[in-house]
Amino acid sequence: MKNDSHSLISLFIYKVHQEQNMITVIQNRYLASVEFKKLAEEWLNRKPDIKNLLSIKETVKSLKSQLRRKLFEKNNFEESDCSEFEMKRIKEEIADLQNRVLQEISNEQEEYEKLTYLVQKWLPELPLLYPELGILNYMSSGGLLTCSLERDLLDAEPMKELSMKRPLACLEIQGQKVLLKGYSVCVSSEARVIEGVTKYHRAWNQQKEKSGLLQVLFLLFSKSDPLVYIMVPYYPGASLGALHADAPLTLEEALKVMKGVAQGLQTLHGANIVHGSLHENNVFAVNRKRGVLGDFDFTKSEKERAAANTMVVGTLSLVPPELKMGQPASPASDMFAYGCLLFWVCYGLWEKDEASSYKSHSSLCFIPNLGSSCFKSSNFSTEIDELKCSLISYILIVY
Numbered sequence: 001m002k003n004d005s006h007s008l009i010s011l012f013i014y015k016v017h018q019e020q021n022m023i024t025v026i027q028n029r030y031l032a033s034v035e036f037k038k039l040a041e042e043w044l045n046r047k048p049d050i051k052n053l054l055s056i057k058e059t060v061k062s063l064k065s066q067l068r069r070k071l072f073e074k075n076n077f078e079e080s081d082c083s084e085f086e087m088k089r090i091k092e093e094i095a096d097l098q099n100r101v102l103q104e105i106s107n108e109q110e111e112y113e114k115l116t117y118l119v120q121k122w123l124p125e126l127p128l129l130y131p132e133l134g135i136l137n138y139m140s141s142g143g144l145l146t147c148s149l150e151r152d153l154l155d156a157e158p159m160k161e162l163s164m165k166r167p168l169a170c171l172e173i174q175g176q177k178v179l180l181k182g183y184s185v186c187v188s189s190e191a192r193v194i195e196g197v198t199k200y201h202r203a204w205n206q207q208k209e210k211s212g213l214l215q216v217l218f219l220l221f222s223k224s225d226p227l228v229y230i231m232v233p234y235y236p237g238a239s240l241g242a243l244h245a246d247a248p249l250t251l252e253e254a255l256k257v258m259k260g261v262a263q264g265l266q267t268l269h270g271a272n273i274v275h276g277s278l279h280e281n282n283v284f285a286v287n288r289k290r291g292v293l294g295d296f297d298f299t300k301s302e303k304e305r306a307a308a309n310t311m312v313v314g315t316l317s318l319v320p321p322e323l324k325m326g327q328p329a330s331p332a333s334d335m336f337a338y339g340c341l342l343f344w345v346c347y348g349l350w351e352k353d354e355a356s357s358y359k360s361h362s363s364l365c366f367i368p369n370l371g372s373s374c375f376k377s378s379n380f381s382t383e384i385d386e387l388k389c390s391l392i393s394y395i396l397i398v399y
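The sequence shown runs 1 to 399 under UniProt numbering.
If you're looking for bench data, these hints aren't it; they were derived computationally from the structure. A couple of the hints might just be wrong.
[As the list claims (entries may be wrong)] Straight-line distance between alpha carbons at most 25 Å, and here's what the computed BS3-like set of lysine-lysine pairs gives:
hint : residue 1 : residue 2
1    : 289       : 303
2    : 70        : 91
3    : 38        : 57
4    : 61        : 121
5    : 160       : 91
6    : 91        : 64
7    : 51        : 165
8    : 51        : 70
9    : 160       : 38
10   : 324       : 165
11   : 57        : 15
None of the values given here were measured: they were computed from a predicted structure.
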């Protein structure tokens, strides 16, 4: 009798557990059904609106037509004896049209971002439904590549004094000076350049202005030559080389700038990108306060960039010994170039101070932890400590 009672109790408990499990299953299925219904309703309401994008493209097309006519008119004026007033007027009209085109392209990018979100979240078939919109091209280039903008539409001044190796041109857009860098490409190298620029842009996009990198604004093609162009901000006279020759940075300014460059390297290395082109003319001191690391030649490999003849500052080679022995470029080779550049900046300032005052020389002390002859004034201990901490933290994280 006792055993029968125990069996009944066990059976009862078993049935209760079965019932509880069944209730749990039903609850989970109910919640899943509610969630599915919610997602289905949201999906049904997510109808892609391409009217705005098509309208913007029509506006851009009209503005580009006007701009072409004005550029043609300007070329005719240059070949004839027209007054300076007329030439100034047409240049102002061209600048206004260029700004309007770029503003519309910014609006176009906003619409592409909305469509990109829909493709990634709800409607992966959207690029196949509207192939004429080029949604996949926009997504694959990180938003850099736009067919609405062409090199031939930009009235830019050639800058041969900056580089004899590739076409460089400068223009002002919406109050900002920008530089157009042309890269000669073939069918095979074009895809590699676009991929490299896109990867660089995505690294910048993680922190934007705080990334320490020079922003790539646009990636564009030309109808008149087999070149791909990138558009970047232009900071005339702000490179370390130019400042060192004309108006050297103070020690405090130099440390702030080099801290920004270290941040730029950390951003790139975090994205598995080796810069390989860190030299005095590729580091910019924006307003003498913020350090920005410039872009690099996207047609060359990391090793080719790191071993280029531009990798020298003064008489100091920026190429690390392991690279000279045939080893591949790495984040460590970037850090070698950074250390040499930091030494060059700080040692140059120390030499300047020593020449002007013995007292200045005696107030400086060597910083052994940085591994270079960098000197420290009591007035700038905070800046140097911050730079040391950021460098040490970065080296510990990456290496």
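- Out of the numbered hints, which ones does the structure contradict? 1, 3, 4, 7, 8, 9, 11
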